[in-house]
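Enquirer: Spelled out, the chains give:
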Amino acid sequence: MTTNVLVGAAGEPVRPIRPKAVTWASGRATRRALVSYAVVLLVWQLGATSRTWLGHPLPILGNLPAPSAVLEAFRRLLGDPGYWQSGYASFLRVVTGFGAAVLVGVPLGLLMALNPRLRRVVFPVFELLRPIPPLAWVPAAIIFWPTQELSIDFVIFIGAFYTMVLNVLGGADSVDVRLIQTARSMGAARWNVFSRVVLPAVIPSIVVGSQVAIGITWEVVVAAEMISGGGSGGGTASGGGLGFFIWSSYVGGSYPQIVVGMISIGMAGYLSSAALRWTGGRLTRWAGAPS
Amino acid sequence: MTAPATPAIEVRAVGKTYAVGRRRREVVLDCSFDVADGSFTVLIGPSGAGKSTLVRLIAGFEKPTEGEIRVGGRPITGPGPDRQVVFQETALFPWMTTAENVAYGPKARRAYTVDARQLAARLIERVGLDQFRSKYPSQLSGGMQRRAELARAMVNHPRVMILDEPFRGLDAMTKKLMLEYYAELSRESKRTNLFVTTDVDEAIFLADRLLVMTHIPTRVREAIDVDLPYPRRLAAFASDDRANELKRRVLSILHEEAARGFGAGNGAADFVAAYRSRMAEEST
Numbered sequence: 336m337t338t339n340v341l342v343g344a345a346g347e348p349v350r351p352i353r354p355k356a357v358t359w360a361s362g363r364a365t366r367r368a369l370v371s372y373a374v375v376l377l378v379w380q381l382g383a384t385s386r387t388w389l390g391h392p393l394p395i396l397g398n399l400p401a402p403s404a405v406l407e408a409f410r411r412l413l414g415d416p417g418y419w420q421s422g423y424a425s426f427l428r429v430v431t432g433f434g435a436a437v438l439v440g441v442p443l444g445l446l447m448a449l450n451p452r453l454r455r456v457v458f459p460v461f462e463l464l465r466p467i468p469p470l471a472w473v474p475a476a477i478i479f480w481p482t483q484e485l486s487i488d489f490v491i492f493i494g495a496f497y498t499m500v501l502n503v504l505g506g507a508d509s510v511d512v513r514l515i516q517t518a519r520s521m522g523a524a525r526w527n528v529f530s531r532v533v534l535p536a537v538i539p540s541i542v543v544g545s546q547v548a549i550g551i552t553w554e555v556v557v558a559a560e561m562i563s564g565g566g567s568g569g570g571t572a573s574g575g576g577l578g579f580f581i582w583s584s585y586v587g588g589s590y591p592q593i594v595v596g597m598i599s600i601g602m603a604g605y606l607s608s609a610a611l612r613w614t615g616g617r618l619t620r621w622a623g624a625p626s
Numbered sequence: 011m012t013a014p015a016t017p018a019i020e021v022r023a024v025g026k027t028y029a030v031g032r033r034r035r036e037v038v039l040d041c042s043f044d045v046a047d048g049s050f051t052v053l054i055g056p057s058g059a060g061k062s063t064l065v066r067l068i069a070g071f072e073k074p075t076e077g078e079i080r081v082g083g084r085p086i087t088g089p090g091p092d093r094q095v096v097f098q099e100t101a102l103f104p105w106m107t108t109a110e111n112v113a114y115g116p117k118a119r120r121a122y123t124v125d126a127r128q129l130a131a132r133l134i135e136r137v138g139l140d141q142f143r144s145k146y147p148s149q150l151s152g153g154m155q156r157r158a159e160l161a162r163a164m165v166n167h168p169r170v171m172i173l174d175e176p177f178r179g180l181d182a183m184t185k186k187l188m189l190e191y192y193a194e195l196s197r198e199s200k201r202t203n204l205f206v207t208t209d210v211d212e213a214i215f216l217a218d219r220l221l222v223m224t225h226i227p228t229r230v231r232e233a234i235d236v237d238l239p240y241p242r243r244l245a246a247f248a249s250d251d252r253a254n255e256l257k258r259r260v261l262s263i264l265h266e267e268a269a270r271g272f273g274a275g276n277g278a279a280d281f282v283a284a285y286r287s288r289m290a291e292e293s294t
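Taken in order, these protein sequences are the chains called A and B.
In terms of my numbering, the first sequence opens at residue 336 and continues consecutively.
In terms of my numbering, the second sequence opens at residue 11 and continues consecutively.
Hints listed in this document are in silico derivations from the structure and should not be mistaken for laboratory results.
Treat the hints with care, since some could be wrong.
So the derived label-pair ranges between C-beta atoms look like this [what the hints assert, rightly or not]:
id	chain 1	residue 1	chain 2	residue 2	range
1	B	Leu261	A	Ala364	51 to 61 Å
2	A	Leu377	B	Met183	56 to 66 Å
3	B	Met183	A	Tyr605	17 to 27 Å
4	A	Ile467	B	Arg80	53 to 63 Å
5	B	Arg127	A	Ile467	47 to 57 Å
6	B	Arg119	A	Arg513	17 to 27 Å
7	B	Ser144	A	Ala471	27 to 37 Å
8	A	Arg363	B	Gln128	50 to 60 Å
9	A	Arg617	B	His265	54 to 64 Å
10	A	Arg363	B	Arg33	52 to 62 Å
Using N, Cα and C, we set each Cβ at its ideal position, and we do this for glycine too.
The task is simple: from the sequences and hints, build the whole structure.
Expert: Next up, the structure:
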């Protein structure tokens, strides 16, 4: 399509095609982000090395290790297999808990949306359990599950589960009834209506729910590892995950390592959300697809 | 003596009442009419009269509280491929391309034979979307979406096409083109049409039989045979005495009915919406 004005067969003008993302604007956005990173790092560095501001002690920055110290610790840790194993341990837990939440939450949300009777039975219980914060489950989870690993996985599952179910339920409730009527009027069987109409309509909600849910799982995994003392690794730096890594850095007095642990979690959360966003974009190419 | 041909649709003393709490509302009351095989029947009535409710009953999406609807002589029990509905706003599947949308019906019925595939391709070509067969609905203009929907409905060989204000919301120019286009398409295929509208010009242009509906609760107030010759041209209507006479007659009835509705309060759509949200609350 290279003509300027497209005209449909009946002669009406065709909606103009939206240009792709303007690279100039996104380049400027990147530059601005870099500038703001640089400013934060500079203020942090100055505050952490001088520890005072106009003769007064700086409240937070004054007690932080400087970015240079953090960078130094980071460089050292990059060669330390223990650090990588911590990250890997946390990552595995997130994947397990999140995966379980998707595998259980999506079907449950769909079933509740499609079956009002089941919904009347399950939803009240669901709403009663939902306000309980995932971390309140930690002691009970440790008692319920045979291994500490499973208890941590369970707490992470709890963190992602409600968000998944609510998003799927909301998405399925708002499926356009005319689409279902159209499919039925063409003689589609129930299964076909479900798999070709309801399910694709719910996918955007699943994608959004997953992105929110995976953020929650990174919040939860760290706290769960801290509280439980590191899971099956028995408290060693290798098996404890990033949460335990931060905690043991605190106990051991290596403050730059705490910050490295925190930043690592931030990056892991960012990368996993980005991965889901990308996957979601592939799954919903039909929504606002460029021409 | 030969028996008269079975009408495509027979609506017999149909009533539909919605109840919300203790309030009851009769939206359709004692409504009877036929849609003759091969005819282009237009239902026209004031907005809020209950025409869309009637469409849902004939389509089989809802059941009448009274009376009976027969299609091809047989009472209907639910929706079926013999009746295809094209709604007011687009109801294309957003996750399917034009070609996938059009092929959906035959595929869903496991009847996607070589013939069905060829018919789908021919229809896409006929509605002028050949170049857009692999585009998603969000990439099509409003008029193209309507044409894709017409093709998607026609591929199912419906006995009747039911169109509920299908060109509402299009700009005036596109709407005019679509009307002339659809009139040509349906005369060429000799298909039975039941077309719902609030627009008199549209109604007279398309109809060979015009059913003027009362305000809510709706039924047929007057049936008018539109004996204007074909091919009709929208632009020529302004100077056509016969068309103007018909138009005045229909408008005066509509005026009366609309005035009646003005005093009567809520239209059908408000009430159906209230009914639906009540049902949704009760199901949770």
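Enquirer: Each hint needs a verdict: does it hold in this structure or not?
Expert: We went through each hint and held it up to the structure:
no., hint, in the structure
1, B:Leu261 with A:Ala364: 51 to 61 Å, "holds, 57 Å"
2, A:Leu377 with B:Met183: 56 to 66 Å, "holds, 60 Å"
3, B:Met183 with A:Tyr605: 17 to 27 Å, "violated, 49 Å"
4, A:Ile467 with B:Arg80: 53 to 63 Å, "holds, 57 Å"
5, B:Arg127 with A:Ile467: 47 to 57 Å, "holds, 55 Å"
6, B:Arg119 with A:Arg513: 17 to 27 Å, "holds, 19 Å"
7, B:Ser144 with A:Ala471: 27 to 37 Å, "violated, 51 Å"
8, A:Arg363 with B:Gln128: 50 to 60 Å, "holds, 52 Å"
9, A:Arg617 with B:His265: 54 to 64 Å, "holds, 55 Å"
10, A:Arg363 with B:Arg33: 52 to 62 Å, "holds, 59 Å"
Hints 3, 7 from the list above are not met by this structure, while the remaining hints are.
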